[in-house]
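Participant: These protein sequence lines are chains A and B, in that order. Going by the working numbering, 33 is the number at position 9 of the first sequence; the sequence numbering is gapless. Going by the working numbering, 273 is the number at position 82 of the second sequence; the sequence numbering is gapless.
Be aware that one or more of the hints could be misleading.
Restraint-style ranges between C-beta atoms, simulated for each label pair [said to hold, decoys possible]:
id: 1; chain 1: A; residue 1: Asn110; chain 2: B; residue 2: Arg278; range: 54 to 60 Å
id: 2; chain 1: A; residue 1: Lys52; chain 2: B; residue 2: Gln639; range: 56 to 62 Å
id: 3; chain 1: A; residue 1: Leu30; chain 2: B; residue 2: Arg495; range: 55 to 61 Å
id: 4; chain 1: A; residue 1: Lys42; chain 2: B; residue 2: Gly471; range: 39 to 45 Å
id: 5; chain 1: B; residue 1: Thr378; chain 2: A; residue 2: Lys52; range: 52 to 58 Å
id: 6; chain 1: B; residue 1: Ala209; chain 2: A; residue 2: Glu32; range: 38 to 44 Å
Calculated pairs, DSS-like style, for lysine-lysine (alpha carbon to alpha carbon, straight line, at most 25 Å) [as the list claims (entries may be wrong)]:
id: 7; chain 1: A; residue 1: Lys36; chain 2: B; residue 2: Lys336
id: 8; chain 1: A; residue 1: Lys54; chain 2: B; residue 2: Lys281
id: 9; chain 1: B; residue 1: Lys321; chain 2: A; residue 2: Lys38
id: 10; chain 1: A; residue 1: Lys52; chain 2: B; residue 2: Lys230
id: 11; chain 1: B; residue 1: Lys321; chain 2: A; residue 2: Lys42
id: 12; chain 1: A; residue 1: Lys129; chain 2: B; residue 2: Lys230
id: 13; chain 1: B; residue 1: Lys769; chain 2: A; residue 2: Lys36
id: 14; chain 1: B; residue 1: Lys230; chain 2: A; residue 2: Lys125
id: 15; chain 1: A; residue 1: Lys54; chain 2: B; residue 2: Lys321
id: 16; chain 1: B; residue 1: Lys336; chain 2: A; residue 2: Lys35
id: 17; chain 1: A; residue 1: Lys123; chain 2: B; residue 2: Lys230
For the record, the hints were derived by calculation from the structure and aren't laboratory data. None of the values given here were measured: they were computed from a predicted structure. We treat Cβ as the ideally placed atom computed from N, Cα and C, and that holds for glycine.
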Amino acid sequence: MAPLTLDELRKKRKEARKEIYLREGEYKSKIIVHMGTCGIAAGAREIVSAFLGEIENLTEKNVMLTASGCAGLCSMEPMATVELLNSPSVKYGNLTTDKAKRIFKEHIIGGNIVTEYAIGIGSEKGG
Amino acid sequence: MAVRRIELMLCTGTGCVAGGAFRIKETLEKEIQKQGLDKEVSVIITGCNGFCGQGPLMVVQPDNIFYGFLNEEDIPFLVQEHLLKGRPVKKLMFTPSEKKEPVPLLSEIPFFKKQMLVALRNKGIIDPEKIDDYIARDGYTALEKILSSMTPDDVIDEIIRSGLRGRGGGGFPTGTKWKICRTEQKTPKYIICNCDEGDPGAYMDRSVFESDPHTVIEGMIIGAYAIGVSHGYIYARTEYPLAIKRMQLALTQAREYGLLGENILGSGFNFDMEIREGSGAFVCGEETSLIHSIEGKGPEPRQRPPFPAQSGIWDCPTVINNVETWANVPVIINRGADWFSKIGTETSKGTKIFSLVGKINNTGLIEVPMGITLREVVYDIGGGIPDNKKFKAVQTGGPSGGCIPHSMIDVPIDYESLTKAGSMMGSGGMIVMDEDTCMVDVAKFFIQFTNDESCGKCTTCRDGSDALLEVLTNITNGNGKEEDLEFLEEAGNAIKDASMCGLGTTLPNPVLSTLKYFRDEYEAHIKERRCPALVCKNLIKYYILPEKCTGCKLCLKNCPPGAIKGELKHIHIIDQSKCTKCGTCLDVCPPKVSAIIKVSGKETENITGIEEPYPVKKKEK
Ligand SMILES: Cc1cc2nc3c(=O)[nH]c(=O)nc-3n(C[C@H](O)[C@H](O)[C@H](O)COP(=O)(O)O)c2cc1C
Ligand code: SF4
Ligand code: SF4
Ligand code: SF4
Ligand code: FES
């Protein structure tokens, strides 16, 4: 490899930052996919992959994707909860990969709740 | 690499590797594959996380959940529960002693809470074998900054104004040392990174190499630019294979990126360096001795002045700094001298890394702001003393540091306060002692070490330490004389005054400080033939309390030399003429019974063990 110039080093840094974002803990939003046995059976893992695919396309990776246990609403699985910084969390149910992608674009990126898929707002706060 | 949902930051510092970290890594990867999570989860190796007492360990990100005492058997469950189903596993979390509920988050664990990471800012966050990880965390931005906007004098001024002092023991102001070397006429000049780390039990420097080698490299390039140096050396002890391997790899990567070598980042500045491995004798860490060793001569110290900054390797001006000192440099350049000098006390700026070991609940490596008190370190970070024992003293400064007693536990940790307390900052060893520690025995232990390590050049150091050792041995054997204490003081002070290098001038510290704060213990040994902590074998006896012994034969079966007489349901007797004082019987006697005690001094007088065992019943009225 040829030695780097100052500019090339800076470019490298920008690229490298994308690789370590999970460890630095600065997020604007959080997606929690419910991964209880029922959620997994209903297809929660495909939902995780769909969200991951969307995060991959972001230049600034400030979305945290995690899993949690069963939400107790097995008939609505697969489900996910979306939390934007300083706003109430929103629960979405009966997800498909297409729905997940739309939620990502409109809610996570755009900041607008996709009301037609939402099954509850703020229900996890205060807990 | 594609994005992941979870990263497992698995510690692969020397401690955790010894505990099986690489086997755990394999198992983790296998299970992740098995659960089909390999596109979502990756395992990242890191250097020492610091909480070595809990190793092997890892932190799950972005959840920030800490898991310790990992074991291959637990991995399948962990992967399925936490990584797949999002249910963190309580039984692998950290539970503070005397608490019932675990503390899931790393950031909430008291051990980490009061720490402040400057030199270790990347520990546990980056993979030390990947230069890109370091670069992502603002690595080499300080180098960019100096090459594009600072003159060598600007850099030196910044380091001087920051108040940074050497972390290798002496505490000499780093910027001033650089300036002295820069103004010397003679060329070429050299810089050295001292990673000899001869203090037994200390591993601060090894950890920096293992967790973030590039911060040292970047610090050294900055130093080289400021001082006007084109060649540097890293001196590391051969016993640090992992640290050396990671440093070697880091140097190769830095060279590939053009951060070392000719025309660094197109600036016209040239600098490169090489690793030298040392034999690892304690005195090799002394700067003039280390320089001799690089020159291929025997590692013996020489008289200073001239100081290395004036005349070092091949009589050329040479700046030698400790690993941790170098590791602080990039941060000071990036965040500025003003920021750095706000941390710490009037005379001691920034943070210091300590290895916290001994009789303390949380052992490991910590980085704390200067000025923090010993109390905060021992009780808040260290979690106090195990088994509700009493805190007795803390030994700082390595083998030639001093012991600071409980009464001084509120002393702030800075260069001057520790020296005033009869100890020193040293390179950062911190050994906590509880009430079961005999301070005379401790002093003897450290003198034994420095006596072995003395290079023998100065009579005071060589023969003086022999004499100290002999007297201390007599005292712990019960052959001490009243005039011994005066002798220890006089000899100690003479060795301090007349020895050539730091090994000799500091070696009496453990004796002098314990004499000052624990004189009563010395006196008990000499006047009453009593060891108050019940440690010194010649002064104690093991004794079975007849009113407690149930005659279970356990001690008898386990006594190695067969010194215990007894039969079932008989009061057992220790034949003192055969007892080697190994302590096994005390360990095996059932805790509910606790029939065996240690005694010392007057109480031992009538214990001979010539009686014969007699039935237990008789005693029960
Ligand atoms: C016996 C003895 C052993 C030493 N061992 C070390 C060591 O292992 N590492 C170290 O950095 N400094 C050690 N020093 C201190 C060095 O002589 C020197 O002061 C230090 O490397 C300078 O770097 P600093 O100013 O960054 O602390 C030792 C000194 C003495 C007297
Ligand atoms: S003080 Fe001790 S170790 Fe140092 S040069 Fe003299 S004899 Fe050698
Ligand atoms: S201290 Fe050791 S040698 Fe002595 S009686 Fe107990 S077990 Fe036997
Ligand atoms: S182990 Fe304890 S109780 Fe049992 S015989 Fe020995 S002293 Fe007695
Ligand atoms: S080696 Fe793993 S925590 Fe120190």
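Participant: Give a verdict on every hint.
Facilitator: Here's how the hints hold up against the structure:
Between A/Asn110 and B/Arg278 the Cβ separation comes to about 27 Å, which falls outside the hinted range of 54 to 60 Å. The hinted range of 56 to 62 Å is satisfied by A/Lys52 and B/Gln639, whose Cβ atoms lie roughly 59 Å apart. Distance hint check for A/Leu30 and B/Arg495: the Cβ-Cβ separation is about 40 Å, which falls outside the suggested range of 55 to 61 Å. Roughly 42 Å separates the CB atoms of A/Lys42 and B/Gly471, a value that falls within the hinted 39 to 45 Å.
A C-beta distance of roughly 53 Å is found between B/Thr378 and A/Lys52, which places it inside the suggested range of 52 to 58 Å. For B/Ala209 and A/Glu32, the Cβ-Cβ distance of about 40 Å falls inside the hinted range of 38 to 44 Å, so the restraint holds. Note on A/Lys36 and B/Lys336: the hinted pairing holds, with a Cα-Cα distance of about 16 Å set against a maximum of 25 Å. Under the criterion of a C-alpha separation no larger than 25 Å, the hint pairing A/Lys54 with B/Lys281 is consistent with the structure, at around 23 Å.
A C-alpha spacing of about 15 Å is found between B/Lys321 and A/Lys38, which places the hinted pair at or below 25 Å, so the restraint holds. Straight-line distance between C-alpha atoms of A/Lys52 and B/Lys230 comes to about 23 Å, which keeps the hinted pair within the 25 Å bound. Between B/Lys321 and A/Lys42, the direct Cα distance comes to roughly 14 Å. Compliance with the 25 Å bound is thereby established for this hinted pair. Straight-line distance between C-alpha atoms of A/Lys129 and B/Lys230 comes to about 22 Å, which keeps the hinted pair within the 25 Å bound.
Restraint check for B/Lys769 and A/Lys36: the C-alpha separation of about 72 Å exceeds 25 Å, so the hint is violated. Between B/Lys230 and A/Lys125, the direct Cα distance comes to roughly 18 Å. Compliance with the 25 Å bound is thereby established for this hinted pair. Taken as a hint, the A/Lys54 and B/Lys321 pair is broken in the structure, with Cα atoms around 28 Å apart against an allowance of 25 Å. As the CA atoms of B/Lys336 and A/Lys35 are separated by approximately 15 Å, the hinted pair is consistent with the 25 Å bound.
Between the alpha carbons of A/Lys123 and B/Lys230 the distance comes to roughly 21 Å, so the proposed pair stays at or under 25 Å and holds.
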